[in-house]
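Asker: Here's the letter readout for the chains.
Protein chains: 4
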Amino acid sequence: MSEHFDDKPLQTFRAVSPGMERLLNKPFKVLDHGFIRVVDYMGDDAAVVQAARVSYGRGTKQTSQDRGLINYLMRHFHTTPFEMAEIKIHVKLPIFVARQWIRHRTASVNEYSARYSVLDREFYIPSRDAIAAQSTNNRQGRAEILSEAEARTVLDILRSDAERNYDHYLDLLNTDEHGSPIDASRSGLSRELARINLSLNYYTQWYWKTNLHNFMNFLRLRADKHAQYEIRAYADILMNVLEQWVPLTHAAFREHRLDGVQLSATALAVVRRMIGGEKVTEASSGLTKREWDDLVSVLESKP
Amino acid sequence: MSEHFDDKPLQTFRAVSPGMERLLNKPFKVLDHGFIRVVDYMGDDAAVVQAARVSYGRGTKQTSQDRGLINYLMRHFHTTPFEMAEIKIHVKLPIFVARQWIRHRTASVNEYSARYSVLDREFYIPSRDAIAAQSTNNRQGRAEILSEAEARTVLDILRSDAERNYDHYLDLLNTDEHGSPIDASRSGLSRELARINLSLNYYTQWYWKTNLHNFMNFLRLRADKHAQYEIRAYADILMNVLEQWVPLTHAAFREHRLDGVQLSATALAVVRRMIGGEKVTEASSGLTKREWDDLVSVLESKP
Amino acid sequence: MSEHFDDKPLQTFRAVSPGMERLLNKPFKVLDHGFIRVVDYMGDDAAVVQAARVSYGRGTKQTSQDRGLINYLMRHFHTTPFEMAEIKIHVKLPIFVARQWIRHRTASVNEYSARYSVLDREFYIPSRDAIAAQSTNNRQGRAEILSEAEARTVLDILRSDAERNYDHYLDLLNTDEHGSPIDASRSGLSRELARINLSLNYYTQWYWKTNLHNFMNFLRLRADKHAQYEIRAYADILMNVLEQWVPLTHAAFREHRLDGVQLSATALAVVRRMIGGEKVTEASSGLTKREWDDLVSVLESKP
Amino acid sequence: MSEHFDDKPLQTFRAVSPGMERLLNKPFKVLDHGFIRVVDYMGDDAAVVQAARVSYGRGTKQTSQDRGLINYLMRHFHTTPFEMAEIKIHVKLPIFVARQWIRHRTASVNEYSARYSVLDREFYIPSRDAIAAQSTNNRQGRAEILSEAEARTVLDILRSDAERNYDHYLDLLNTDEHGSPIDASRSGLSRELARINLSLNYYTQWYWKTNLHNFMNFLRLRADKHAQYEIRAYADILMNVLEQWVPLTHAAFREHRLDGVQLSATALAVVRRMIGGEKVTEASSGLTKREWDDLVSVLESKP
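Chains as they are written, first to last, in this note's numbering: chain A, 1 to 303; chain B, 1001 to 1303; chain C, 2001 to 2303; chain D, 3001 to 3303.
To be clear, the hints were calculated from the coordinates, so they are not data collected in a lab. Treat each hint with caution, since some may be false.
Derived coverage of chain D by chain B (criterion: at least 3 residues anywhere in the stretch with Cβ under 8 Å from a Cβ of chain B; other residues may be distant) [unchecked claim]:
hint	region
1	3251 to 3257
2	3270 to 3276
3	3288 to 3299
We treat Cβ as the ideally placed atom computed from N, Cα and C, and that holds for glycine.
This is chain A alone, in the form it adopts within the complex (with noise of 0.2 Å):
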C-alpha cells in the first residue's frame, strides 16, 4: 500500500482551509506502530457559516460574526451546518481499538482486508506508564501503574503470545515471512481462516470519512478521559487536527461541549440552593450519592 504524494500542489476553486494543508498527507505517530494521516478535506469554518446563512440569512463575512455564529449554532444544537465540512483520514490501529472507533456508525469506511491480503507482524505492546491495574471502582477503567515486576510479566506475556501466534499465523498459511512457500507438499489455510490465529493487539488500517458534526461526535466520546487510554491517544491526534482545520468550530467545541457541563433538573435545583447561600449537604440534595461526587467535582474544579 505505498502510495506516491506530489509534492506539487495543485489549483482549485474550492474553500481551503490552510491550516489543514500543512498537515495533508503526513502521517502522525500513534502508540508503538499506529499512525493518523489526513488524506482529504472538504470545507472550512465558513463553510458552516454559509451553510448557516442559507437556513438564517445572518449577518455578514466579518470573522468576529462568523464566530458569534459558530458559537450560536453549537450552544443551540443546530447541528446540521456542521454537517457541511468532511474528513478523510487515514488510520493504522489495534484490532481492539478499530472496534471501539466501528461503534461510531455514521462514517464511511474501507478496511484493509485480511481475507484478502498478508498481515503484517505488526502488534501493540503497551508502554510502561500504560500498563495499569484494573479499578475497583470504575468497573471499566484502570487505576495504579503495576509494579516493575508484575509489569515485566505483563510485557513478555504479550509479546511472546504475539510472535508465537504469528509464527503459526505464517505456519498456518504455508508462507514465509517474504511470501514464499515454507513447504511445497503442503496448500496451505485459506487466509480468511489463518487470521483468526492473531490476537486483537495486531494492528489493522482503513480510511475513516465522516462530517465535522459526527467527527465531534467521535472525539465527545474518544477524548474523554472515560475512554480506553489506546483509542484516546488517537483522538488527542485528532483534536489537534480540528484546531488546525476549523479553529472557530473547535474553540465553540471546547467552550460548549468538552468544557461545559449538563446538570440535570435536581442538579440545577441545588446549585440554585447554593447560590441563594443555603449549604446543601448529599442527603438534602435528593441527588444519588454518585450524581452529588460527580456535581461537587464540577462545581469546585479550577479550569
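Place chains B, C and D on chain A using the hints.
Answerer: Just chains B, C and D now, kept in the frame of chain A:
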C-alpha cells in the same frame, strides 16, 4: 443570499477533478426559476480506487486498471469505496420537488427558513409541453399533452392562484414587496404562519451534501423515466455533473445500473428457454402480465 | 384508507407495555383535522435495561435498580440501549408541519402520495389564540395574539384562499368531489401537477417509525418552547405516549434532558463564582448579553 | 447474563406473526459455541402492505393481493414499506465474524463489554470440513479441504494457541476460572488491556436490531456463496427466520433478489443477440473474460 466568489484559484494538496473545477460555483438553470450550483466536492475517480486498494490491495495506478477496478466494484455492489467522494450543491427548487428530494435521507441539508425570512415571489409554472393529462395505465404518471384550450385554463389557474396567494402572504405579513409595513396600525402575522398560505409550487432553496454512492442512488431513482418530470429536470443536470466529476464512475454507473436490468428468477428461466430456441408465451412464462410486458420490452428495445 | 382493527387481543411471547397497549390504534386529535395513532411498538423499559445488561452485565431485575440503570444511561449519554425499543405511528398533519418533521432523518416514513391519489379538502386554520404577530426579538417566533379585527382578516384570507385553491385543484383534475369527471370533453391535468396548486396548510398523512432514542431526540427539539406551535401540538401528544409506553425512561428523559441544562465553560465559571459568594454582573461574566440573559433565567426560574 | 423467560404468553393488540412466535426466545446453535435467538420483532407481511397502502392506496386485504403488492414493491425497489417491520436478535459469535457483521451500519447493537466483564474460555475451532486451502482464482475465498495431516496441524495450532492465550489472559488478570485472585500480592492487569491477548476466534455476544429492509440487505450479502463460511452459517439460520416471520416477503426476496440476476448493458445486448439466434463468443461479446464467464454460468445453470 448574494455571495461573493473569488475568481482566483487557491493552491491545494488535495485530489482535484479538472472537470468539476470547471463547473464549480456556476449556476445551471433548471425549470423556470430554479438552479443547481456545485459549491464544493471531495475526491475523484482516483479516490474511489485508492479506498478500494486499502481493502483489496489491488493493482497499479494506470487508468485502464482504474477503470477495471471501478467496473468491478460497481458490478459487485461493493459500495463503500464510492462513499469516499463527496459533493455539495446549492439548489433552488419548487417546494413540491423539495418534498420528493428530501426523501433521500442519507444526505445533509440546510434549507432557507421561511420562519426566519420572507420568501420571494417566485413560483413554478410548467412550460407548455409539460402540461399533460393524467395517465390511465400508470397511476402516478402523465399521458399526452393537454389541448391548447385546456392548457390555457391550467396556466391561468396556476398563475392567478399563485399571484393571489403571494399578495395575501404579504397582506398577512403586513409587508410590501420592499419589506416596509403596509399599515402601521397593524402588527402583521408571524412569518411562520403567513407562509402556510403559499402553494407547493413556490421556490425554496438549500445546500445539499451527499457522498458519491448516495448521489448515484439519488440519480438512479430521480433520473428514471418514472420520476416526476420536474425532479428529473434537476437529476438530468446532476447526471452531467457526475460525468464531469468522475468520468470512470459515471461510465460504470451507466453500464451496470442505468442501462442494465434486474431479472427475477422466473424471468431468467424464461430467458434461458428463449436462448434454447423455445417459443415462450406470456401464458407459458409464469410471469404476470405486467412482468411479461416489462421483460419483452427489455429484450426487444434497441440500445 | 379505512382500516379494520380487531378488537380482540392476540397472544404473544414478546415484551408488552401495558400503558402502550391501552393507547394502541386509538386516534388522538391534533389541531383542527390532524391526529396521531400508535400503530405498533417493540419493547419497553425492560428492553432498554436488558440490552444495557448485555454490555455492562449489570444488576438484577428489580424495578428500583432498573430505574437507577436507566438514569445512569441517560445521564452518561449511553444511547444505544434506547435504540432497542421502537415505535410506529400514523399521523395526519399539515404539509408545512410535515416539512419540519421530515428533517429528522433517522426514521422510516411512508407518506400518502398525491401523485397517486387525490387529496381531501382538508386544510389547517389556526385557532383564534394561535394567530399571533411576528416576534421582534426572536426572528423565528411569535409574539402577542393579534387584535380581533386583524385576526378576522387573517382567518378570512387563509380560509378563502385554501377553499379557492382546492376548487381549482378539482378543476385542474377535471374531477368533482365524488371523483366523477366535471366535463367529459376534457382530459384533466395529471394529479402530480394539479397538486402544486394546493397551499402548505393542506393535510397529508404518513406512517412514521423510529427507535426510542431518536424518538426522544425528536421530542427534545419539537416539544421545546422554541418549536413552532403547530408541531409542538403533535410533540405534546407524543410526550404523553412516551410516558405511557416507558415510564422509567420518560422520567429520566425529563430529569436529564428536558428539565436539565447545558452550561458552557464560561457559564460554569460564573456559577462557581456565584456559589463562592461573588456578585457577578453581565460585564464581569465574560458572557454575551444573550448568554447572560439565558443563564440568569436558568438560575432564577422556579421549577 | 442468564435470563428468565416467562413461558406464559401475554395479550397484545399488535400485529402478530405466528411463525415468529414459535421461534421466539429459542436459541439456534451456530458453529461450535455460537447461537442466534430472536428476542423481539415488530410487524409482519401485513405491516409492509399496510404501509405501502398509505402511499399507494392500493388494493384489498386478501392474501393473493398482498402477495402481488409485496412482489411489486420488491421488484421496483420500493424499499420504505419493508422498513416498517423490525427484528431484534441475540447472537453469540466469534470476534472475526462480529467484525464482518458490524460493517452493516444501519442497525443498533449492544455488545458484551470485555472492558467491563471477563470473557469466557470459548473460542471457535473450524470443523473438519471447513478447513480449506486458499483459493487461487478467488483472492478472498477457500478452495479444497486440506489433507488429513495438514488439517490436524491446523487444529493443533488453533487449539493450543487459543488455550494458551486464555491461560495467559487469566494470568494477566490475576484471576482463576472462578473469579478468585491467583496471587493476592499482585494487582492484576486491567480487563480492557488483558483482553488484547485473546485471538480473533474468541466468542463475543450482542443484541442486534434492524429493520426488515436492512435485514434482507444483510442476508443478500452474507447468505451469498462469496461470504465467508462462518458468517454464512449465521445468515443461513436467519434466512429461515425470515421465512417463518414474513413468508410473502421471503418468497419475493428469493424471486427478485437471491435467485434473480443483474445484467449489465453489454450483457443484456449479448442476451438479445443470443435470443435472436446469433452464436455469440467471448471475443464478440464485448465483455471481459470474468464477465463472460459469469454470464455463461448464469445462463446455463439449471434452477
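Asker: If a hint holds in the structure, say so; if it doesn't, say that too.
Answerer: Consistency of the hints with the structure:
| no. | hint | in the structure |
| --- | --- | --- |
| 1 | 3251 to 3257 | holds (count 3) |
| 2 | 3270 to 3276 | holds (count 4) |
| 3 | 3288 to 3299 | holds (count 4) |
Violated hints are absent here; each numbered hint is respected by the structure.
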